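Novice: Residue strings, one per chain:
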Amino acid sequence: VAVAAGPDDERDLLARLRAGDAGAFRDVVRHHHPAMVRVAEGYVRSRAVAEEVVQDTWLAVVRGLDGFEGRASLRTWIFTILVRQAQARGGREQRTEPSADPTGEAALGATPSVPPSRFTGPPGHGAWAQPVARWHDDPAVAQESAEALEAVAATLRQMPLQRRQVMVLRDLEGWTSQEVCDVLGISEGNQRVLLHRARVQVRAGLEARGWGS
Amino acid sequence: VRLRRRPLACQEVVELVTDYLEGALPRGLARAVERHLAGCPNCRAFVEQVRAAIRLARALPPEEVGDDVLDALTRAFEEYHDGGGDPPRAAP
Chain A
1 VAVAAGPDDE RDLLARLRAG DAGAFRDVVR HHHPAMVRVA EGYVRSRAVA EEVVQDTWLA
61 VVRGLDGFEG RASLRTWIFT ILVRQAQARG GREQRTEPSA DPTGEAALGA TPSVPPSRFT
121 GPPGHGAWAQ PVARWHDDPA VAQESAEALE AVAATLRQMP LQRRQVMVLR DLEGWTSQEV
181 CDVLGISEGN QRVLLHRARV QVRAGLEARG WGS
Chain B
1 VRLRRRPLAC QEVVELVTDY LEGALPRGLA RAVERHLAGC PNCRAFVEQV RAAIRLARAL
61 PPEEVGDDVL DALTRAFEEY HDGGGDPPRA AP
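Protein chains in written order, with the working numbering: chain A, 1 to 213; chain B, 1 to 92.
Bound-form chain B, shown alone (with noise of 0.2 Å):
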């Protein structure tokens, strides 16, 4: 029994773009969806810019760590090691 969806609205759309773009629609509902972008140009605009967000999102440089904070953690990784954690280097 193939049951068909009644058309989506633009505005349900908008809410189903991220589930829709993370594969987590049921099928009949995907298709709901592909089949409202297919006739709408602002709704398939609106899934572009969704796109373009995570595409800038993901192409943010990364944030730099405060050399203080590095050489802090570091000296304290470097005394752990060294303080006993390990046993001590086999001498030569």
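Next up, chain A with everything else stripped away, as it sits in the complex (with noise of 0.2 Å):
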């Protein structure tokens, strides 16, 4: 469900968050606020202060709504302060907590996404070792079953952070790459190495299954 599919759709709907239109702002936290828990998870290192990040943001939206000059989109600029906010927040746990996350993993770009055992021949220019079964033909897969949606579900549960937060932004949200780049301040070439980990770890999952096997 888009809150806001244009730029008119934007404008009315700005105008009835300053009007005070509370379905208004429902609706818009209904849309972003799931997305918002898991963007700040990658910064702090609970659930529950993820939780409590993304609703300080949105008590900072109500406050700054009249002060939104519209130069980024509403989900840029709400996105922003949740990713300015759980950054600090983040920091200043981290000087109490052993470090939650860092996968500092937008450096590995030269790490393999697929493990090397599955090739054969000289290391890094290898050929499958086994043919790749098709399960992508399964019907649960090809119909987007409830079975194949929770392997995917259960995958991103389970996936570093980092990597997590931009798949949820690409591919669940619909995001272009360059809005992700700009919340999350990082580069075109991270965002795609993120990305790539995040896709073929969630194929690998639901390779795992065995469909049709």
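Just to be clear, a hint being listed does not mean it is correct.
[What the hints assert, rightly or not] Which chain B residues face chain A? A few, computed with CB under 7 Å, are given here:
1. A9
2. D19
3. N42
4. E48
5. A57
[As the list claims (entries may be wrong)] Over 10 Å on every C-beta distance to chain B, these chain A residues come out as not near it, computed from the model:
6. E69
7. H136
8. G185
9. L206
Source of the hints: derived by calculation from the structure; they are not laboratory data.
Owing to the predicted nature of the structure, the values given are computational and were not obtained by experimental measurement.
For each residue, glycine too, the CB sits at the ideal point set by N, CA and C.
Mind docking these for me? Both chains are given alone in their own frames, and the hints should help you get the complex.
Specialist: Written as structure tokens, this is what we have:
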């Protein structure tokens, strides 16, 4: 469900929010809150803290709406506030807690996303050791069954947080790479590395279910 | 001058899939990926499976926001608007 499909819708939505339309506000919260929690989780140590950061962000949004100039989209503005708050919070906690996440994985572009054991031949230049099973033709996958969706959701729950941030925004929320890079403060290249590793991990999670075999 | 790239190996192709799907590869390299895919059913299956992963991720049902959270935030929104952020509504 798109909260604001185009610029006109966005202007209209903004006008309703500024006029105090609580229904419009609830729609915006419903639409963005879950993805915001997942993004915040990339910076803080627990889901509970992420929820707090997101709630604080909504309060900052409410107070800031009149000053929002509309240079960025509303969602970019909201998520930029979120990331700033989550980073500030994460930084505070890292002084008292052992480092929660940092996988630092954006730097790992050189690490293979598919295990080398799947290939035969010269290292880095191998061919598939076994044929790749055609499980993507299985009706459960092709028709987006509840079971296939749950397999994807399960992989996302266990995914390293940085790559999950990127996949949530790109593939679940349908953001552009530019928006994701702006909000998360990462380069296009790192964004693609993280997205690739996330997608390949989801693919591996589906493969592990052994569809059709 | 057209440089013919050496053929890519499967293990190289799988690492280029997202860059390829995003249209982020230089033209020569994108062509090399296409040439490899044309002759490699295994890598074609891999690409189809990455596409399936994307499609399924896009189809995930949205998570729900708890009513308690939604209500608390709505109250904060209403209080802000009733409490002076806005000029009072004109009396009829």
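Novice: Now look at each hint and say whether the structure bears it out.
Specialist: Structure-based check of each hint:
1. A9: holds (4 Å)
2. D19: At about 6 Å, which falls below the 7 Å cut-off, the nearest Cβ of chain A leaves the hint on B/D19 intact, so it holds.
3. N42: holds (4 Å)
4. E48: holds (5 Å)
5. A57: B/A57 check passes; min Cβ-Cβ to chain A is 4 Å, inside 7 Å.
6. E69: holds (17 Å)
7. H136: Since the minimum Cβ distance to chain B is about 5 Å, A/H136 lies within 10 Å and the statement is violated.
8. G185: holds (19 Å)
9. L206: A/L206 is in fact no farther than 10 Å from some Cβ atom of chain B, at 6 Å.
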